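K.L.:
Now for the letters of each chain:
2 protein chains.
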Amino acid sequence: MVVGDFAHEKDILVIGGGPGGYHAAIRAAQLGKEVALIERKRIGGTCLNESCIPSKLFANAGATLQSAHKFETFGITGSSSLSLDLSKLQHQKSELIHALTQGVEALLKKHKIERVQGSASFISDSEIGVEEQERFEKYKFEKAIIATGAVYQPDTNLPSGEARVLTGADPYELEELPEHLVLYGSDYITLEIAASFSKFGTKVTLILDEEKESFPFDQTLNRELMRLLKKQQINVYKKTKLLHALPKDDMVEISLVSPKGETTLEASHFYAMAQPQPNTKSLRLEAASIETTSAGFIPITTTTQTNNPRIYAVGDVTASGGLAVEAIKQGKVAGEHAAGENSEWDPDICPVIAHTVKPLASVGLTEEEALHEGYEVSTNQFPLASNGYAGITADKDGMVKVISEKETDVLLGYHAIGTGSVELISTAIQALEMGGRIEDMIYPYYPHPSINEAWLEATEGLLGKAVHGM
Amino acid sequence: MVVGDFAHEKDILVIGGGPGGYHAAIRAAQLGKEVALIERKRIGGTCLNESCIPSKLFANAGATLQSAHKFETFGITGSSSLSLDLSKLQHQKSELIHALTQGVEALLKKHKIERVQGSASFISDSEIGVEEQERFEKYKFEKAIIATGAVYQPDTNLPSGEARVLTGADPYELEELPEHLVLYGSDYITLEIAASFSKFGTKVTLILDEEKESFPFDQTLNRELMRLLKKQQINVYKKTKLLHALPKDDMVEISLVSPKGETTLEASHFYAMAQPQPNTKSLRLEAASIETTSAGFIPITTTTQTNNPRIYAVGDVTASGGLAVEAIKQGKVAGEHAAGENSEWDPDICPVIAHTVKPLASVGLTEEEALHEGYEVSTNQFPLASNGYAGITADKDGMVKVISEKETDVLLGYHAIGTGSVELISTAIQALEMGGRIEDMIYPYYPHPSINEAWLEATEGLLGKAVHGM
Numbered sequence: 001m002v003v004g005d006f007a008h009e010k011d012i013l014v015i016g017g018g019p020g021g022y023h024a025a026i027r028a029a030q031l032g033k034e035v036a037l038i039e040r041k042r043i044g045g046t047c048l049n050e051s052c053i054p055s056k057l058f059a060n061a062g063a064t065l066q067s068a069h070k071f072e073t074f075g076i077t078g079s080s081s082l083s084l085d086l087s088k089l090q091h092q093k094s095e096l097i098h099a100l101t102q103g104v105e106a107l108l109k110k111h112k113i114e115r116v117q118g119s120a121s122f123i124s125d126s127e128i129g130v131e132e133q134e135r136f137e138k139y140k141f142e143k144a145i146i147a148t149g150a151v152y153q154p155d156t157n158l159p160s161g162e163a164r165v166l167t168g169a170d171p172y173e174l175e176e177l178p179e180h181l182v183l184y185g186s187d188y189i190t191l192e193i194a195a196s197f198s199k200f201g202t203k204v205t206l207i208l209d210e211e212k213e214s215f216p217f218d219q220t221l222n223r224e225l226m227r228l229l230k231k232q233q234i235n236v237y238k239k240t241k242l243l244h245a246l247p248k249d250d251m252v253e254i255s256l257v258s259p260k261g262e263t264t265l266e267a268s269h270f271y272a273m274a275q276p277q278p279n280t281k282s283l284r285l286e287a288a289s290i291e292t293t294s295a296g297f298i299p300i301t302t303t304t305q306t307n308n309p310r311i312y313a314v315g316d317v318t319a320s321g322g323l324a325v326e327a328i329k330q331g332k333v334a335g336e337h338a339a340g341e342n343s344e345w346d347p348d349i350c351p352v353i354a355h356t357v358k359p360l361a362s363v364g365l366t367e368e369e370a371l372h373e374g375y376e377v378s379t380n381q382f383p384l385a386s387n388g389y390a391g392i393t394a395d396k397d398g399m400v401k402v403i404s405e406k407e408t409d410v411l412l413g414y415h416a417i418g419t420g421s422v423e424l425i426s427t428a429i430q431a432l433e434m435g436g437r438i439e440d441m442i443y444p445y446y447p448h449p450s451i452n453e454a455w456l457e458a459t460e461g462l463l464g465k466a467v468h469g470m
Numbered sequence: 001m002v003v004g005d006f007a008h009e010k011d012i013l014v015i016g017g018g019p020g021g022y023h024a025a026i027r028a029a030q031l032g033k034e035v036a037l038i039e040r041k042r043i044g045g046t047c048l049n050e051s052c053i054p055s056k057l058f059a060n061a062g063a064t065l066q067s068a069h070k071f072e073t074f075g076i077t078g079s080s081s082l083s084l085d086l087s088k089l090q091h092q093k094s095e096l097i098h099a100l101t102q103g104v105e106a107l108l109k110k111h112k113i114e115r116v117q118g119s120a121s122f123i124s125d126s127e128i129g130v131e132e133q134e135r136f137e138k139y140k141f142e143k144a145i146i147a148t149g150a151v152y153q154p155d156t157n158l159p160s161g162e163a164r165v166l167t168g169a170d171p172y173e174l175e176e177l178p179e180h181l182v183l184y185g186s187d188y189i190t191l192e193i194a195a196s197f198s199k200f201g202t203k204v205t206l207i208l209d210e211e212k213e214s215f216p217f218d219q220t221l222n223r224e225l226m227r228l229l230k231k232q233q234i235n236v237y238k239k240t241k242l243l244h245a246l247p248k249d250d251m252v253e254i255s256l257v258s259p260k261g262e263t264t265l266e267a268s269h270f271y272a273m274a275q276p277q278p279n280t281k282s283l284r285l286e287a288a289s290i291e292t293t294s295a296g297f298i299p300i301t302t303t304t305q306t307n308n309p310r311i312y313a314v315g316d317v318t319a320s321g322g323l324a325v326e327a328i329k330q331g332k333v334a335g336e337h338a339a340g341e342n343s344e345w346d347p348d349i350c351p352v353i354a355h356t357v358k359p360l361a362s363v364g365l366t367e368e369e370a371l372h373e374g375y376e377v378s379t380n381q382f383p384l385a386s387n388g389y390a391g392i393t394a395d396k397d398g399m400v401k402v403i404s405e406k407e408t409d410v411l412l413g414y415h416a417i418g419t420g421s422v423e424l425i426s427t428a429i430q431a432l433e434m435g436g437r438i439e440d441m442i443y444p445y446y447p448h449p450s451i452n453e454a455w456l457e458a459t460e461g462l463l464g465k466a467v468h469g470m
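In order, the protein sequence lines correspond to chains A and B.
Each residue of the first sequence is one higher than the last, beginning at 1 in my numbering.
Each residue of the second sequence is one higher than the last, beginning at 1 in my numbering.
Quick caveat, the hints were computed from the structure, so don't treat them as lab data.
These numbers were taken from a predicted model, which means no experiment stands behind them.
A hint or two may mislead.
Where chains are identical, the list cannot tell them apart; a pair therefore holds if satisfied intra-copy or between any two copies.
Said to hold, decoys possible - SDA-like mimics (lysine to any residue), calculated; alpha carbons at most 20 Å apart, straight line: (1) K33 - S80; (2) K112 - H8; (3) K239 - L228; (4) K140 - F297; (5) K41 - D187; (6) K396 - N60.
Excised from the complex, chain A in its bound form (with noise of 0.2 Å):
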């Protein structure tokens, strides 16, 4: 091995080029500083190259082939010969995280932060060592920002190494349909492929674990979710336990304990929910006392530093969520407070969006955690069926759900599902942050006809004067 006997000097060094990763050191360059960025394998991450942007690509992909169902109605003749080649969208999907991950180096290179490729290594709390084959650099640094992510891993036991058996990623990377998949778990990822390869044509089954007799969204949200499942003739099983997964054959048997009894389940490829796995093992983060949970997570401030106020952390290192929406989040405050702003981040207005059957999209309190949290609450639905652009697009499934304290008439939370929710979410995201009253709601104008009226007549349904609510 070669060292390198000059130590390279940077304002910031950050770990990691996932989206917590280059926000974080394109902001602090954008602040004046020299920043670093070390990345041992492909810049954009997980997020990039494996999930958000995969799993966005193939849920589009659905909703394009589903939407030939309504060309008819529209006038559109010939839709009966469209179907899907999954070789050729594994393609674009190559294309565009190329594209996609060439932008990023682009960016970096615009704000000339130095990219370094290697695995890295803390020395002490203010050097790191860079390894790349044969190669050891070390860096000096003022401040530095971990965002070495997570990998994902199933906390069920399953056999390794089988083609039928999948976790994490894996769906995006299959080159033939399945022709029955299986999935076992409930959050928004499952959701998204259990969607994605229905509408692509194979057969879906969904298992809920133990614990679960539904999804981790506002009640009403879940309701609506559950019968647009039951519509797409995805067959959902409720507080089921799993007992084992078998590839035999071509198939995988599946064996589960619902609350109907035991059954058995045939599938060509199973699937299970993963968690993440912090990629911390590798830093040697004791040579710079950076604590850890006992899960290997990095607990952080909100400036987002930790323990070690010179060291920041961010995304899922952290433990915080999980979505690629606070990994940005965190990196940019990281950045800003690294470069000497004051900059904080507030875990509690976090957005969730999902693509399943419809999209969906959910912020600020649910109704359940508005109760517990004790408020007095008015709620209030507006069915997207009776939205007049969801008329003339055909796409009347869905609804937009708003909650409010009932003394104030302050916005609580948004829980939408259809055509559109993750569009207007940003609405609701701005009315939460401006600590709107349903009066700065629906005093304004919105287009007519449009998909934000929904938006619209549910804030005026709070107040009783939803005109289009049946």
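Starting from the structure of chain A, add chain B where the hints point.
P.N.:
This is chain B only, laid out in the frame that chain A set:
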């Protein structure tokens, strides 16, 4: 003619069942008033029966057909066999309009609003007569709301009664696809017709009149729209005088003078932009001493009252703009004010949308307006080509432009074109309504990956902080 002896008595009479009228009626009924709604034709008005709804259905059919070009990108094969059957789309239009009008009728019934079929005219400022075939009934009222709308007529001299010479909503009545459609106009209605038929496969030419170099939006938005029209292969003649449009055999000969000289075009169909002419003639407004402008429009206050405070007017008949969104807002205000509430409308923050080559949305001040009003402004535009989600959906044309006041960082305007621009306008509407500062927009989290991030990065860019802007 049979004259009813008994004068019916109502708290509030609404004349006209378009969006302005039915919103006024329902809102007043929600507030406990006895309401009757008089309509001489079909409920829903111009918007539902002829304009907004058909145009958005056609735009959606066009967008769907055009999206087929990128199906291969998602691995979906067989899209080359897709084509439009205009007569089937016409059938769907009729079904949709029928369903929506039935929906409004049901809402009126639910709110116990008496539906009166016939032509209304004032007898005094407390009585209206309604004529329907052989019957004439008298209605006494406390308050009346005029929502009779307008008819749309071209301000160009055109040969009338010619099937190939179109105006107003005529294009949405065509049963066969025009081969070459030449449009004379620059408003959002003309732009929507141009885009829809171009996507259906019609050759489209657009003529802007002598005064017009471009469109009535923010200049940056105009430039991007002009680029997209070119990309869509819609030929645009700017600053052009129409000499004549003469039907000849199976075509229309259109003669014009552009800055490049005199030209003659041959088209299968010609369309001329229409202007609203208020439906006030048969109302006998003088019997209630209601003043009109010389063109017949009814001036109103911010409470939607006419010069006679017991009588309100809303929508196209008031000449306040000609957008359904305004009619709806004014209708609600009229219903509330007539029912005794304090209610006003603010003409300043009115959103404008149009489903052109890509959807387009605009609210607040344009850059030119802001400068004209004496603001020192910051502006930023974020191209969708730099948004990851736009890459995923292969829908990268367009941009989001935001304008803020330099000194205060208060948002002044939002002008966007491209996928999601209509849905995201509500975020800007909410921020404008609450006097949001840029900090209020960039502090929260936005879902990743999503088109919503284009709004975030556009606003971050105002402070030089957009991560993905190149």
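K.L.:
Does each hint hold? Answer for all of them.
P.N.:
Hint-by-hint comparison with the structure:
no.	hint	in the structure
1	K33 - S80	neither (57 Å within a copy, 52 Å between copies)
2	K112 - H8	within (15 Å within a copy, 79 Å between copies)
3	K239 - L228	within (19 Å within a copy, 52 Å between copies)
4	K140 - F297	neither (24 Å within a copy, 75 Å between copies)
5	K41 - D187	neither (27 Å within a copy, 52 Å between copies)
6	K396 - N60	both (18 Å within a copy, 15 Å between copies)
This entry does not satisfy hints 1, 4 and 5, going by the numbered hints stated previously.
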